[in-house]
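Peer 1: For reference, the chains in residue letters:
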Amino acid sequence: MKKIVFLSLILVLLCVGQVAAKSRTYGKGIQLTEVTKISTILDNPESYEGKRVKVAGMVVGVCASRGCWIYLTSDRPYEKIQVKVTDGEIVFPMSASGHQAQVEGVVDVMNLTLEQMTNYERHLAEERGEAFDPATVKGPGKLVRIIGLGAEIEE
Amino acid sequence: MRIRWRKWNTVIHRDLGYICFGLTVIYAISGLAVNHIADWNPSYRIERLTTTMQLQEGLSAADLVPSILQGLDETGKYKNSFQPDPNTLKIFVEGNTLTVNLKTGLIDQEKVTKRPGLFEVNFLHLNHPKKMWTIFADLYAIALLLLAITGLFILPGKKGIKGRGAWLTTLGVLLPIFFVWLYG
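For the protein sequence lines, the chains are A and B, in the order given. Each residue of the first sequence is one higher than the last, beginning at 1 in my numbering. Each residue of the second sequence is one higher than the last, beginning at 1001 in my numbering.
For the record, the hints were derived by calculation from the structure and aren't laboratory data. Positions of the beta carbon are idealized from the N, C-alpha and C atoms, including for glycine. Heads up, some of the hints might be wrong.
[Claimed, not checked] Covered by chain A, according to a simulated footprint, are these stretches of chain B (three or more residues, beta-carbon under 8 Å):
| # | region |
| --- | --- |
| 1 | 1086-1092 |
| 2 | 1122-1132 |
[Unchecked claim] BS3-like, lysine-lysine: derived pairs with alpha carbons at most 30 Å apart:
| # | chain 1 | residue 1 | chain 2 | residue 2 |
| --- | --- | --- | --- | --- |
| 3 | B | K1130 | A | K28 |
| 4 | B | K1130 | A | K54 |
| 5 | B | K1114 | A | K138 |
| 6 | A | K37 | A | K22 |
| 7 | A | K54 | A | K28 |
| 8 | A | K138 | A | K22 |
| 9 | A | K80 | B | K1159 |
| 10 | B | K1077 | B | K1159 |
| 11 | B | K1162 | A | K84 |
| 12 | A | K84 | A | K37 |
| 13 | B | K1103 | A | K22 |
| 14 | A | K142 | A | K22 |
| 15 | A | K22 | B | K1130 |
| 16 | B | K1159 | A | K22 |
| 17 | A | K54 | B | K1007 |
| 18 | B | K1007 | A | K80 |
| 19 | A | K142 | A | K84 |
| 20 | A | K37 | A | K51 |
| 21 | A | K28 | B | K1007 |
| 22 | B | K1007 | B | K1131 |
| 23 | A | K84 | A | K28 |
| 24 | A | K84 | B | K1130 |
| 25 | A | K142 | A | K28 |
| 26 | B | K1159 | A | K51 |
| 27 | A | K22 | B | K1007 |
| 28 | B | K1159 | A | K54 |
| 29 | B | K1077 | A | K138 |
| 30 | B | K1130 | B | K1111 |
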């Protein structure tokens, strides 16, 4: 009986190890337990500004030059949010695209003028290695993003 | 006594030089690669292709995925798909991201591969591994500092730090100060 319990325990531990090995931790990892919906943050960004949140979604874009940002899909269709991290502190790999992720960070809200928005979009295009057309910038606007402190991305 | 001191200085410089050779090559190659990050991607090779495909009508975006991948002969492992807007479908495959215009059938592919060798040296140089590598890289930095200091005292006499060496060392210190003054 003891042998069976012991073997079962080892099996369970091995399985847990396998599951854990399928995701990779970045930065400080995840400490919060409750997930905040991205759509809720985007609906009321001011009420979340400066607050630490945990969000979840699929990685649909990665900074190609420095791995310093990713885009996560929202729980609502056609919506995504940028997660920005300090250059070098966390480096997201290009292979993260298409994988599910959990991110913990602080909500950041910026009101950008047309010029600031154009510069921001140009910078993003440069990091993606894509051509930039200023005509695609719709105008001044509010930029809501998460300053990432830690993440777990499935592999 | 003086001779023995210089002998140990040379021994430390020589042996640290041997130990640091590999890492110095790694940091130098990566340094060159990363210095020009504005002009190229030092870690990944990104290839962009544009094609057009006749998309099957009456299918949802998600149901179109298999036929699109088959039509492009894309055999990489499928990861996921996402619609950033009603007319666009993004398909994520291992090493490839496809952006499909559902109205026109225009497909942009972004094929990403690691630059062999360069990816690894940048991975180490930019301290992506963190953890134990941070300590190792700190030790390497200390070793470089020791190499620089011991290097000053290798040669005695006019060609050493009391003569020619002093001028060259001063030049080496002044050059970075000049650039800070110029651009700082």
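Peer 1: Look at each hint and say if it fits the structure.
Peer 2: Hints and how they fare:
no. : hint                : result
1   : 1086-1092           : holds (count 3)
2   : 1122-1132           : holds (count 3)
3   : K1130/B <-> K28/A   : holds, 12 Å
4   : K1130/B <-> K54/A   : holds, 23 Å
5   : K1114/B <-> K138/A  : violated, 35 Å
6   : K37/A <-> K22/A     : holds, 24 Å
7   : K54/A <-> K28/A     : holds, 12 Å
8   : K138/A <-> K22/A    : violated, 40 Å
9   : K80/A <-> K1159/B   : violated, 64 Å
10  : K1077/B <-> K1159/B : violated, 63 Å
11  : K1162/B <-> K84/A   : violated, 51 Å
12  : K84/A <-> K37/A     : holds, 18 Å
13  : K1103/B <-> K22/A   : violated, 37 Å
14  : K142/A <-> K22/A    : violated, 36 Å
15  : K22/A <-> K1130/B   : holds, 19 Å
16  : K1159/B <-> K22/A   : violated, 59 Å
17  : K54/A <-> K1007/B   : violated, 59 Å
18  : K1007/B <-> K80/A   : violated, 64 Å
19  : K142/A <-> K84/A    : holds, 16 Å
20  : K37/A <-> K51/A     : holds, 14 Å
21  : K28/A <-> K1007/B   : violated, 47 Å
22  : K1007/B <-> K1131/B : violated, 37 Å
23  : K84/A <-> K28/A     : holds, 14 Å
24  : K84/A <-> K1130/B   : holds, 19 Å
25  : K142/A <-> K28/A    : holds, 28 Å
26  : K1159/B <-> K51/A   : violated, 62 Å
27  : K22/A <-> K1007/B   : violated, 53 Å
28  : K1159/B <-> K54/A   : violated, 62 Å
29  : K1077/B <-> K138/A  : violated, 36 Å
30  : K1130/B <-> K1111/B : holds, 28 Å
Violated hints, listed in ascending order, are 5, 8, 9, 10, 11, 13, 14, 16, 17, 18, 21, 22, 26, 27, 28, 29; each of the other numbered hints is respected by the structure.
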